[in-house]
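Chemist: Protein chains in written order, with full-length UniProt numbering: chain H, 1 to 464; chain W, 1 to 464.
Calculated from the structure, these hints are not laboratory results. Honestly, I wouldn't trust all of these hints.
[To be verified] Residues from chain W that face chain H, not an exhaustive set, calculated with beta carbons under 8 Å: (1) Cys162; (2) Ala163; (3) His189; (4) Thr191; (5) Ala202; (6) Ser251; (7) Gly424; (8) Val425; (9) Gln447.
C-beta atoms are modelled at their ideal positions from N, C-alpha and C, and glycine is treated no differently.
2 protein chains.
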Amino acid sequence: MTVTTPARVTTLEVLAQLVDALGDAVSTASDDVAFARSDKSGHVSEAPPIAVVTARSIDDVQAVMRIATSTETPVVTRGAGTGLAGGAIASAGEIVLSTLAMNRLLEVSIDDELAVVQPGIINADLNRQLEPHGLWFTPDPASRAISTIGGNIATNAGGLLCAKYGVTRESVLGLSVVMADGRLMEFGHRTVKGVTGLDLTALMIGSEGTLGVIVGATVKLRRLMTGAAAVLSARFDTVDDAARAAAVVTSSGLRPALMELIGESAMAGISAHLRMEHTGGSRLILQTDGPGAASEAEAISAIITSLGGECEVSLEPEEGERLFAIRRAFHPAMAALGTVLIEDVCVPRSQLPAMFAAIGEIEKKYDIIIPTVAHAGDGNLHPNFIFDGDGPDGADVPADIWAAAGELFQAALRLGGTLTGEHGVGLLKRRWLRDELGDDQLQLQRQIKELFDPLGILNPGKVF
Amino acid sequence: MTVTTPARVTTLEVLAQLVDALGDAVSTASDDVAFARSDKSGHVSEAPPIAVVTARSIDDVQAVMRIATSTETPVVTRGAGTGLAGGAIASAGEIVLSTLAMNRLLEVSIDDELAVVQPGIINADLNRQLEPHGLWFTPDPASRAISTIGGNIATNAGGLLCAKYGVTRESVLGLSVVMADGRLMEFGHRTVKGVTGLDLTALMIGSEGTLGVIVGATVKLRRLMTGAAAVLSARFDTVDDAARAAAVVTSSGLRPALMELIGESAMAGISAHLRMEHTGGSRLILQTDGPGAASEAEAISAIITSLGGECEVSLEPEEGERLFAIRRAFHPAMAALGTVLIEDVCVPRSQLPAMFAAIGEIEKKYDIIIPTVAHAGDGNLHPNFIFDGDGPDGADVPADIWAAAGELFQAALRLGGTLTGEHGVGLLKRRWLRDELGDDQLQLQRQIKELFDPLGILNPGKVF
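Working from the sequences, and respecting the hints, build out all of it.
Modeler: Rendered as structure tokens:
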């Protein structure tokens with residue numbers, strides 16, 4: 001990453017202007033700036049940023065952006081730093097703009113089924129505050145206990161429930177955005193329909209901090225589901241069998257709230273981690289919800305059994321949680337095996353068996369294991385590359401692992417899929433962006449970026 | 001509308017180039033060019049366009065755009081011409097690019113619940129072809145029997161079922177787009193998740209022909225609903241009572257597939273048109289679908305009765321159709337009263353009673369009636385301004401009607417709403433665009449438009 005602060009303004013001058021305008025919201029404490037060098041990908045930037053500014057208001061954000069513009073200093077907007085693609089990692093010469101303290105739920109409308117929130121509110125905190133109103137913000141990234149709504153929006157976060165309830169884009173009505181030059185803009189509506197002009201709300205969603213700073217959001221809510229959910233856990237001999245069963249469940253028209261597929265080496269790792277008997281094979285874990293939860297579970301169970309799966313069904317919350325614990329143990333089980341590169345491709349769901357086959361080929365070619373789970377309802381796979389991170393390069397991903405990952409991305413693209421279903425491009429997937437978008441579209445996307453950010457100060461080096 | 005063809009290229013030369021490249025796809029027949037001067041708004045352009053080119057392929061579209069770019073000739077892309085905002089109206093010096101002959105369903109995937117279509121396919125034709133597969137494209141603009149999917153996408157069409165099933169944006173995965181200079185681009189994915197780069201698919205949806213020509217779409221489908229739908233028809237003394245009842249139904253967490261509110265003067269007009277006894281008051285017509293259709297209808301009926309509504313429920317398709325015939329008669333009933341300006345504001349649904357009150361005030365102030373129906377589940381109102389269109393200006397909307405409409409738009413904006421819920425800005429709402437977007441956002445939107453269309457040849461004079 002190159003330092004783009006012009007020579008005429010020193011880093012110290014930028015810092016002085018920030019402190020002058022924002023006082024103790026500006027931190028240069030080594031812990032703070034060190035924390036901002038990394039995210040949950042484990043990747044660490046080359047050097048610490050200038051400072052971390054913890055904005056308490058839209059005014060604060062505008063003040064930072066005005067200073068950044070006048071001094072041409074790069075700004076990395078950051079929520080909780082839970083990204084997996086290096087999208088909120090900051091390096092030398094950059095200002096980190098944290099929205100984590102702007103964490104209030106400003107308004108709930110039961111009648112309009114919407115909430116107005118500040119960007120720093122944690123997804124799970126929002127849902128805790130919505131629960132007494134009988135409402136629910138459906139996007140549920142696995143990070144929901146620790147990630148912010150602003151970050152969820154900036155990456156168009158997915159999650160486990162998306163096949164039934166949609167991704168973040170489907171749950172955002174409007175956004176307040178501070179532009180690179182400090183101007184505040186309001187995109188979108190409070191209404192569920194609205195076609196006045198271009199859809200800049202959608203353009204912002206998933207833009208990973210490259211177009212503006214999200215300082216507020218009007219989000220669409222759903223009624224909380226009533227009644228207990230049903231959980232199904234099914235064992236199949238092979239991941240191919242499990243993936244085909246998942247496809248049949250979807251084709252049947254049944255709509256489980258979640259359908260998680262756990263590959264063979266993933267199950268082996270989880271079994272070892274949980275010290276459970278490892279019976280081999282692959283597993284499909286599903287949940288149905290709403291008034292028809294029990295009858296849908298029964299219908300799905302019949303399909304699974306007819307396809308050779310061994311299926312357990314539970315209507316009891318505690319028992320359901322026990323069945324689901326296997327899926328929850330995936331990440332800790334992988335972390336116990338070594339340093340992990342968590343990947344995130346998405347293919348048309350009919351191509352899940354083919355994608356698992358492609359992963360098997362790559363495992364053989366590179367002589368590695370790539371334990372994989374998938375959100376089978378929407379074809380989104382998380383292949384986990386495990387490597388020894390205790391070497392001289394620390395958590396940096398070795399070249400052969402990136403080579404294997406590169407083949408995996410190409411396989412996903414060949415199957416009609418995409419590089420990233422829900423984690424974003426960030427820093428770590430930039431080199432494959434052109435493979436998916438092509439030269440012409442990449443150029444067009446860069447031009448849009450330049451329009452929003454003519455000085456190139458918004459999260460430079462990310463995505464594009 | 002100004003003619004932007006540069007003096008160095010005459011209209012005849014443009015026509016000669018078109019005929020040379022596209023042969024009999026180019027028509028200058030007076031019927032064809034006259035038809036393209038208008039749409040379902042009734043507005044007619046000042047003069048006929050140069051020609052109507054009926055593209056049969058993406059190559060044809062690219063050929064037109066290359067000629068248009070090299071000669072700097074404006075292009076108006078047109079589907080079935082069913083718009084209500086003048087978005088596809090063409091005038092002197094313009095090429096009309098019709099996609100109506102590119103009307104094939106290219107692919108259906110049951111497993112991936114998607115279809116790939118050409119832009120000119122009629123919404124209802126697509127659904128007829130999908131039905132044997134047990135699938136369904138949910139966006140249902142009232143024009144679905146006559147409007148194209150390309151047009152639905154270009155306007156982000158809504159409809160009656162959106163509160164439950166979403167607007168067009170939620171049903172489009174990817175788009176093939178021919179740019180102003182003739183290049184073909186592919187935006188979006190075949191996957192239900194995907195966050196590689198900026199969401200240019202969403203940017204195209206609702207852009208009304210100003211950014212590019214949609215030449216193909218990958219659309220998301222749903223399983224056809226099984227079982228009979230239930231229809232409810234309820235009479236209330238006042239539109240305020242009916243609007244409040246609609247809000248209570250939504251607040252209850254029940255989710256009718258459609259919920260149509262018919263205002264008092266609209267009911268009077270419909271009663272006269274259908275020669276039914278006019279009992280006064282307002283009406284709410286609802287439909288529930290899916291396995292819970294009957295029980296949901298029962299629950300809604302109880303709510304309506306408790307709020308003073310007189311409610312009929314039908315589980316028989318024929319009887320349901322009879323109840324729904326009242327809503328279907330709205331447009332013919334209005335057309336029988338005079339020339340109609342069909343408006344399209346959207347407010348947060350809790351503001352429906354306030355918006356009906358505002359309409360009442362405007363009726364009094366201007367001494368007119370504004371019969372109104374609303375998609376009550378999403379706060380989208382269609383106030384109908386009736387005027388005498390037999391005067392010297394034909395179907396042109398008189399100044400006082402536009403003044404009343406202007407007040408109506410301002411009222412919608414004051415209530416947190418938008419100028420247009422589903423019809424688009426087109427030609428007829430441009431003058432209010434700034435009121436909703438503000439100067440800064442309007443400028444940004446125009447800059448995006450310029451990026452896609454540096455010569456300003458794509459549907460000039462529309463939206464911006």
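Chemist: All hints are to be evaluated individually against the structure, with a verdict given for each.
Modeler: Hints versus structure:
no.	hint	in the structure
1	Cys162	holds, 6 Å
2	Ala163	holds, 7 Å
3	His189	holds, 5 Å
4	Thr191	holds, 4 Å
5	Ala202	holds, 3 Å
6	Ser251	holds, 6 Å
7	Gly424	holds, 5 Å
8	Val425	holds, 6 Å
9	Gln447	holds, 5 Å
Figure legend: structure checked against the earlier numbered hints; every hint is met.
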